[in-house]
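Engineer: One-letter residues, chain by chain:
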Amino acid sequence: MLTIHRLVKRRGSRTILSGISFQARSGRVTGFLGPNGAGKSSTLRILLGLDSATSGEALINGVPYARLRNPLATVGALLDGSGAHRARTGRAHLNWIARSAGLPRSRVDEVLAIVGLTDAASQRVGSYSLGMGRRLGLAAALLGDPEVLILDEPVNGLDPEGIRWIRTLVRERAATGRTVLLSSHLMGELAETVDDVIVINQGRIVADGTLAEVIDGHGTLENAFFALTTPNGGRVAQ
Amino acid sequence: MRAITAELSKLFSLLSVWVALAIGMIVPTAIAALNSVSTRKEIALGDHTAVGIDMGYQELAFGVIGAIIIGVVAISHEYFAESGESGGGRQITTSLIAIPSRLRFLFAKATAVAMVSAVLASAAAIATMAAIRIVLGEHAPEIGSEDVPRLAGIVCYWVLTALLAFGITVLTRHGIVPLAILIVNTSVVTVTYLLTRLTSLAYYFPDMAGIRMFIRNLEDSTVEIAPLVGGLVMTAWVAALLIIAAIVFCRRDA
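Quick note, the sequences are listed as chains P and C, same order.
For the record, in the first sequence the residue sitting at position 134 is 134 according to the working numbering, with numbers rising by one throughout.
For the record, in the second sequence the residue sitting at position 156 is 156 according to the working numbering, with numbers rising by one throughout.
Check before you lean on any hint, since a few could be wrong.
Said to hold, decoys possible - Here are some chain P residues the structure puts well away from chain C; computed CB gaps all over 12 Å: (1) D80; (2) G177; (3) G188.
Stated by the list, open to error - Label-pair ranges, simulated between beta-carbon atoms: (4) V184/C x R69/P: 25 to 31 Å; (5) T54/P x I243/C: 23 to 29 Å; (6) R197/C x V63/P: 53 to 59 Å; (7) A113/P x V148/C: 49 to 55 Å; (8) G102/P x W18/C: 25 to 31 Å; (9) T222/C x R69/P: 45 to 51 Å; (10) P104/P x I134/C: 44 to 50 Å; (11) P35/P x I243/C: 38 to 44 Å; (12) D159/P x R2/C: 31 to 37 Å; (13) H185/P x V191/C: 47 to 53 Å; (14) R2/C x Q123/P: 22 to 28 Å; (15) L194/C x P35/P: 53 to 59 Å; (16) R69/P x R251/C: 37 to 43 Å.
No lab work stands behind these hints, which were simulated from the structure alone.
C-beta: ideal position from N, C-alpha, C; glycine also.
Excised from the complex, chain C in its bound form (with noise of 0.2 Å):
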């Protein structure tokens, strides 16, 4: 409980977590505002369909890129080197000698990150939601009862792929690939979905199995995974990649 507590207090004192946290929270608001102003113009000349099933969900697939960060940042910075000139220390020899089992302080940071995305996540699905409302008014979709699962799918996905971020930068003990690689098949190219016009298998990818949790309409799909198959899918990918980090990070010199 000492070593979460710390690695938190950790998170919450890095200028970029908080930068994380903005674009999580502002990022599927503001993309979700936007769209909702386009749907009301199309209600407007009487196309009632324009209002989607996964309106706000899709907009919160996106803004995933705020967990990934926070996944990333936890562990990169620990490896971030000092200057030369200051002495080249790096702060993981600081956490190592004040934790010294790799695992629970591993297991702490894990936990860590996913109770910041876990939280960032609800946060941002209320937002967004909140912001369809506002602009959308009685056209808004109705939120019931059927859409507590989906919304629990969006915050377990925003931790798991925190936690995809998170195992592989232990990894690569550097954060610029991972965050590119990431936020750009997220954002600006999503490779694991043109793979999937190549072989169904692509289907099974974390990500793309993973937005099963939440995403209705998956365009030209042709494959059909249920949200709790696509949800048990992610995790096991997760589950295997943290095995491993585990395995090469308990190994490893520090």
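If we strip away everything but chain P, and leave its shape as in the complex, we get (with noise of 0.2 Å):
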């Protein structure tokens, strides 16, 4: 369970998020939609404890990321990249974030496997392409078999084979009761796979309840996803 209450949060006179407040709730996976610059990276950042917030809160089954007490068998994360230095083998990189939370060596190997690199395991992530990159941090997120998944823009660079194995992957978390928040450009992608849906638009929430509940009206995510963060309903001009 995820809770962002009245998140406020400003670098220098900009205003990044304006007191956004909802829910991720465990057992479903919850669709986060912005256009770039919304406020979801920060949003995500503030939740991970990365960035500071001006003021609110972001917590992670009640508690600040910075107390829980496993983080790794909480939250697996996903932000940009692979969030892996270039230079190091992939295995290198999950070997020291496997000893940063004293797991076993052998969950190492079985991260790869479930994420398709076991091959590449020892080629350097400046050899990866990104959709291998991404594999990668997913494998990192992974790690802890954590309760709840944060990805943000998962499916970047990934084949059409691999855009279907995270939906599998998110669908198959959340019905084990464990909460999953994604963010993502493709509306049509994450309408088949989401249950809920927040949407984000200059640092508010302009939208918030279930997949059936924001697309009400609309007919499909996209056109309510244009509805709700452009002013002409991002009809494109003739």
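Mind assembling these two chains? They're in different frames, but the hints should get you there.
Structural biologist: Written out as structure tokens, the structure reads:
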């Protein structure tokens, strides 16, 4: 369960988040949508304790990320790119993360197999494609078999098979009662995957409900998204 | 403890750290061997004052470059951005997700840097003194009980210099500037040494104070600083820098 409560983030005179509140419930996949610069990444970074909030709270199972006893067993997160240094091999990257959480080396091999990187594990991350980098980032997120997954644009750079694999993975996680919060630009893909939808625009939440509630009256998630985030409802000028 | 092993694992899986270890071993050993060869010639010509009191120690003061690289790379590699094409991520996000406490993270990293630098300094000191012994044979300076604190001083100097480089890089988040400044100051132009021509206060810069732990005959020094005092002055500099670095690091968005 993720709780964002009256979260405000200012950088200098710029307001990135103006007091947003929402929840991502366990057993459900929550889609987090918004145009570039709407405040998605800032919200996720504050949730993970990477950035500080100006005011308000971002809680994981009721506590801030920094106070989690066993962070990797509680939250798995994928942000930009692979999150790995290019000079290391994929396996070496996962090895240090596993050490930091006291996880056995055998778990590294398991997650490498889950994301399909076993054969590329001894290559340097610098030689990975965008899709392989994302898979490595996902492997890191899955290392601690966490209760909560927070994924920022997870399907970026993945091929159709990879996209389907992510969809199956997050559905399975939710089916076992875990929490998944994922952001994406791909509306069609999100509509296939999520239970609940949060739409953020210019640092404010403009829609929060089940997929059916948010789509209601718009036909598709894409139409709903443009109606909520653009002044002209996303109509392309003729 | 887990955080420290994770940081050690990070260091040893970086090629640049292995390069730093090689530089730290080879540079002082090779220079000491070359200097010993010329000393042997002078001895052969009858100059028995050629063996200086600081033989080997001067070369080790120079080999600290290896420790500087370790201190810088340990933190700068965290901030190295992936290409925009592969998403522009940085490892620091992964690190702080794995170890959310900033202080614990920084402490584990500094400890790993100090441990590796201490081992490197000890190995480099043994190799350097052995090289002198091999080249000079019976003419090599005796290593006695008075050398124990000096050799310990070498280890302290390398560890403190690595932590100094580490602290500066925490503030800059980029390796090039601290690496260039510290290596140039150690090897090409010792700015802090030149400043001692202007003011004797410059003898209290961290590097100038720190070398007193093992250098006994500092060229045209106008200020006497006891080895222990020199070590304490350098420690104070490093402690102050690390405290500032920790405050900035804890307050700053990753």
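Engineer: State the violated hints by number, sorted upward, taking the hints as numbered earlier in the document.
Structural biologist: The structure breaks hints 1, 4, 9 and 16; every other hint is satisfied.
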